[in-house]
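*Asks:* Let the hints inform the model, and build the full structure from the sequences given.
Here's the letter readout for the chains.
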Amino acid sequence: MHYFRAPDARRFVNAALIIGVAFVIFGMSFGVLAVAAGASVAQACVMSLLVFTGASQMSAVSVLASGGSAASAFGGAVLLAGRNAVYGLALAPVLRSSALPARLLGAQWVIDETTALVAAEHDEKVRRTAFWVSAPILYASWNIGTLGGALIGSNIDPSDFGLDAAFPVMFIAMLAPHLRTPTGKRAALFGAIAAVALAPFMPIGLPILVSAVGMFFGISPSKQPPAETTDGAP
Amino acid sequence: MSWALVLALSGAAYALKLLGAVIIGQRTMPPAIERCLLLIPAALLAGLIAKDTFTTGQSIGIDARAVGLAVAAVATWKKLPFAIIIVLGVGTVAVIRLFV
Chain A
0 MHYFRAPDAR
10 RFVNAALIIG
20 VAFVIFGMSF
30 GVLAVAAGAS
40 VAQACVMSLL
50 VFTGASQMSA
60 VSVLASGGSA
70 ASAFGGAVLL
80 AGRNAVYGLA
90 LAPVLRSSAL
100 PARLLGAQWV
110 IDETTALVAA
120 EHDEKVRRTA
130 FWVSAPILYA
140 SWNIGTLGGA
150 LIGSNIDPSD
160 FGLDAAFPVM
170 FIAMLAPHLR
180 TPTGKRAALF
190 GAIAAVALAP
200 FMPIGLPILV
210 SAVGMFFGIS
220 PSKQPPAETT
230 DGAP
Chain B
0 MSWALVLALS
10 GAAYALKLLG
20 AVIIGQRTMP
30 PAIERCLLLI
40 PAALLAGLIA
50 KDTFTTGQSI
60 GIDARAVGLA
70 VAAVATWKKL
80 PFAIIIVLGV
90 GTVAVIRLFV
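Residue numbers (numbering that gives the first Met the number 0), protein chains in the order written: chain A, 0 to 233; chain B, 0 to 99.
Possibly wrong hints are sitting among the right ones.
To be verified - Okay, the calculated bits of chain B under chain A, using three or more residues with CB under 8 Å as the criterion:
(1) 5-17
(2) 39-45
(3) 51-63
(4) 66-72
(5) 75-85
(6) 88-94
As the list claims (entries may be wrong) - Straight-line Cα separation of at most 27 Å, DSSO-like style, residue types lysine-lysine; simulated pairs:
(7) A/Lys184 / B/Lys78
(8) A/Lys124 / B/Lys78
(9) A/Lys184 / A/Lys124
(10) B/Lys77 / A/Lys184
I should point out that these hints are in silico values taken from the structure, not numbers from a laboratory.
All C-beta atoms, glycine included, are put in the ideal place defined by N, C-alpha and C.
*Replies:* Encoded structure:
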């Protein structure tokens with residue numbers, strides 16, 4: 000993985016390790032919940048390896064734990080996984096330069112956090128480093144946490160430590176660079192309002208897909224100040 | 000839990016990722032669409048922040064998480080390091096829950 004030797008790699012290793020702490024804790028909490036909902040340790044681990052979408056996994060096991068059917072667990076989880084398709088569109092340029100096997104692996108790592116880390120960068124090379132360095136660290140963290148939680152099984156509730164706020168809090172730091180442009184501000188405002196205002200009226204997972212409609216503030220070219228003519232330039 | 004559910008969910012989740020990242024994402028888009036795609040993270044991150052802070056399931060409300068978010072927003076604005084932003088935000092929520 001030559002990306003780990005890239006000049007900016009260190010920065011993304013650090014960021015991914017910080018997010019990774021949250022992933023281990025929430026992975027554990029998923030492992031515990033999954034086993035409590037009747038999954039075997041192997042099933043919990045396979046889910047984290049193959050599904051690798053925290054919100055979907057949590058939703059599936061909590062539906063089962065509260066006596067819901069497999070069909071409703073599946074439906075709710077798929078709705079929550081839907082946003083990864085949208086993230087994929089945003090990350091496709093980063094993956095496009097890789098060979099097909101790498102792209103197929105990279106697709107599995109398209110989640111909230113990898114998208115956020117990549118999207119905060121502008122340079123195409125740095126974006127690739129951000130993705131290929133952070134993704135394996137986050138993937139490992141989530142899976143180690145799941146295995147630990149499924150095996151140990153002691154129930155720690157992350158919200159007792161305020162850790163349910165960990166993701167919105169880290170996302171606000173990652174959102175900041177996007178608020179520098181007028182279209183970014185509009186897209187964010189639309190996304191935030193849609194996600195909250197529609198919550199009572201739609202199944203969980205759907206409002207956030209409506210948030211994505213905010214991207215269409217980009218459809219008309221933003222008014223750029225006229226290119227400056229430098230004195231003496233040809 | 001059945002293996003059928005585990006595998007169906009695995010397949011569906013990966014198919015959705017493939018759909019965006021590889022199947023549709025492979026082609027080059029017109030510039031207007033490219034500009035839109037660049038705004039996806041802004042729209043979705045803001046949506047996730049708002050949802051994770053102001054909703055519980057399908058109900059809307061304001062609680063300790065909103066204060067934690069405000070503290071984190073100030074920390075971000077002050078350009079504090081990433082780890083500090085998280086510790087301040089999470090710590091605020093934990094402390095409020097301890098006393099309220």
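*Asks:* Which earlier hints can't be squared with this structure?
*Replies:* none
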